[in-house]
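The sequence shown begins at 1 in my numbering and counts up by one.
Calculated from the structure, these hints are not laboratory results. No experiment lies behind these values; they were computed from the predicted model shown. Treat the hints loosely; a few may be bogus.
[As the list claims (entries may be wrong)] Here are the simulated lysine-lysine pairs, BS3-like style, with alpha carbons at most 27 Å apart: (1) LYS238 <-> LYS669; (2) LYS519 <-> LYS428; (3) LYS238 <-> LYS552; (4) LYS778 <-> LYS669.
[Claimed, not checked] Each pair of labels, with its calculated beta carbon distance range: (5) GLN162 <-> GLU205: 26 to 32 Å; (6) HIS118 <-> LEU427: 57 to 63 Å; (7) LYS523 <-> ASN355: 17 to 23 Å; (8) LYS180 <-> MET539: 47 to 53 Å; (9) LYS158 <-> ARG480: 40 to 46 Å; (10) MET539 <-> GLU646: 39 to 45 Å; (11) LYS431 <-> GLU205: 54 to 60 Å.
Glycine included, every Cβ here is placed at the ideal spot set by N, Cα and C.
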Amino acid sequence: MVIKISVRNLIEFVMRSGDIDNTFKDNSRMIEGIRAHQKLQKSHGDNYQKEYSLKNTIAYGGITFHVEGRADGLIKKGNEYIIDEIKSTKRDLKDIDDSNKLHWAQAMCYAYFFAKDHDLDIMGIQLTYVSTENYKTRIFERRLDFAELEIFYIDLLKKYKQFSKIITDNISIRNETAKKLKFPYETYRKGQRKMAVAVYTGISESKNIFIDAPTGIGKTISTLFPSVKAIGEELTDKIFYLTSKTTTGNEAIKALKLMEDRGLIIKSVQITSKDRICLNDEVKCNPSDCPFAKGHFDRVNDALKDILSRETIMDYDVITSYAEKYRVCPLEFELDIATYADVVICDYNYVFDPNVYLRRFFDDSVGKYIFLIDEAHNLLERTRDMYSFSFTNKDFIDLYEYFDKEKHKKILNSIRKIIDEFDEKYLKFGKKLNYYTKDHLDDLDRLLITLSKNLEKFLIEEKDDRNYDLILDTYFNINRYLKISDQFIEGFYNMISYDDIEKIKSFEIKCVDPSSILKNKYKLASSAIFFSATLAPMMFFVNILGAKDALKLRLEMPFSVENQLIVQESISTRYRDREINIGKISDMIYKFTTSKEGNYFIFFPSFNYLEAIAGDYMVRYSEDILIQDRSMSLNERDKFLNKFTEESSEIAFVVLGGIFSEGVDLIGKKLIGSMIISVGMPGVSFDRNLIKEHFDKKGLSGFDYSYTFPGINKVFQAAGRVIRSENDRGIIYLVDDRYAWDIYKNLYPSHWNKLIHLDNYKNNITDIIDEFWSENEKEINKRNKNRKNEIS
């Protein structure tokens, strides 16, 4: 049996001890650490090889260990080779000594690997501590013979062996049960087998694939089942099931439990956010404020051995119960579990966000991973948000007031320079309300780095300051901005804006086109599977999500097209015409919702238009309606949806593209119709026009990429609320004259092929609706009669 692990994870597991302490003095200065590493590595000559990859495979105690990682540097001095391990620090270098055993351990592992590969008797190792303040270094050196290095490494494996036996046993039974596993339903739905085969093919051929799979196919089981089969065949080591919201993650848990009921034994973990999983009264990760942080590393290995020996599907309830039993931090605990789990269910940001991603997997990758990207249409805007960030001059004007004018002169000087930079940039680019450039304006970066350094001393020494938390928030925002700035490539812009009402200047990094960033992220996996009910138009998503070479599959709706009626009525919902058409649209809503008693969603292009028509509708028709609030919690959303029952007759006014446009399963009579007002086109804005211009310059239709395609995708999402199962019947009512245009008609899915354009139809809407429900009643009665006959 083979165990794959990184050098870092091996050493940390065997040698870690003590407390979690994320108080500011120990917080990672990631940005400056990376910059210090890079600057030091660049300063060496040709005899220095940076980021040198090393691996070792060895059989020990009946287990084959495959261990690998990257040394910061490999130096050649004459006939001798030296492994260089670089550690950045903000401490005074005079206070640094050579007592850190974990730092030496990494260098010793790399030295052993290199010496064994090159048959060397002696290896040099050095620890290089580099100051993030001035990039000066302090170096400690050792020379060790091969026997010393080998004894040290074998001792590591010996200490890891007991735990590795648990891992190998888990892998063995996982593979055995995965190979025997049958599809957990008696039959495949229409399109389901085709989808599962496509996923397995993509994994086995190490290719990415886009799958447009309409509601009802069963996307979760159709992706997880073939992935589990692939992991059983050792085509991959780990599955990341990536979601945009918790509800879809819960569906993955249900699918795993279903396969578990059919005999599968596999280790899976659902990662919960820090704020939700924390068991302490406050989220304070230090031994003084949290009993779970104190001594965490002394107890966590026992907790891991226990949970991985006993549990299979590890969600919030399971993880927190073991965290309480062993008094360990549940957040760090769940991340450790993920290291040894076969399936990791988590939010997109744990893979794609530069500030949040799971470094333990992707900085020291030793495994072969699969990304299952659920509701993949959401990845575009989520990634744009992850890689965009802005500051205003007011942020720093306010920050300036938090400091003592005499005591904090150095900090105040840094802040003044940043405020001046906002003014200079605004003046330089012609006092426009908005200006953008694809060139990276890094003057602000340098000033922010200086301020960040100056703030560190304050944050370490003055924790009782009444403005401490506000200053700390700004500090973290600065570092988040700088992390994104380090990613600045094609598709990114610097923007300078001026709000002439509030008199505020802003400076923003804007990710318009995330395709290049995402393309690099997919390299972390052997295969990425993108799936959604609304990956339309597909080439738009393939291009903008950076996966042009991916395989593509578009599946048909698994239910009869006779189950739904799609009608379209031409009336202008353009911004300029909205007010004059309020009364007409109110009439259309009333006629639609009174045609058959039941539950209806009415989707509007904006809250303003929703509220305008709601006011008119309630005055003229005295009808009770549900109205989506501008800000609703998940609990309020659930209460809203709970009003929809098989017996209720609710009319809900909701916003297109909002929280009721997707992830809503109102099956059967809980929802029998949706009216979608407008083609969902985003409002005209400077940001949207920037997207348009960017894609125009790439030779694509910028207007469609910025306005048409995102709009129609929101329409498809809203329309997908109506038919959720094979027994559902319902009506989709499209209200806008543009739905009759060829550009939109060419984007419609095949199951919209019977769409009725009311302008070209003799009968009025009431007659058409009556006929639809009448025919469906006949079909239902016929089916029920046949079932009775079969039973008798």
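- Hint numbers not upheld by this structure, sorted from lowest to highest: Per hint list: 1, 2, 5 and 8 violated.
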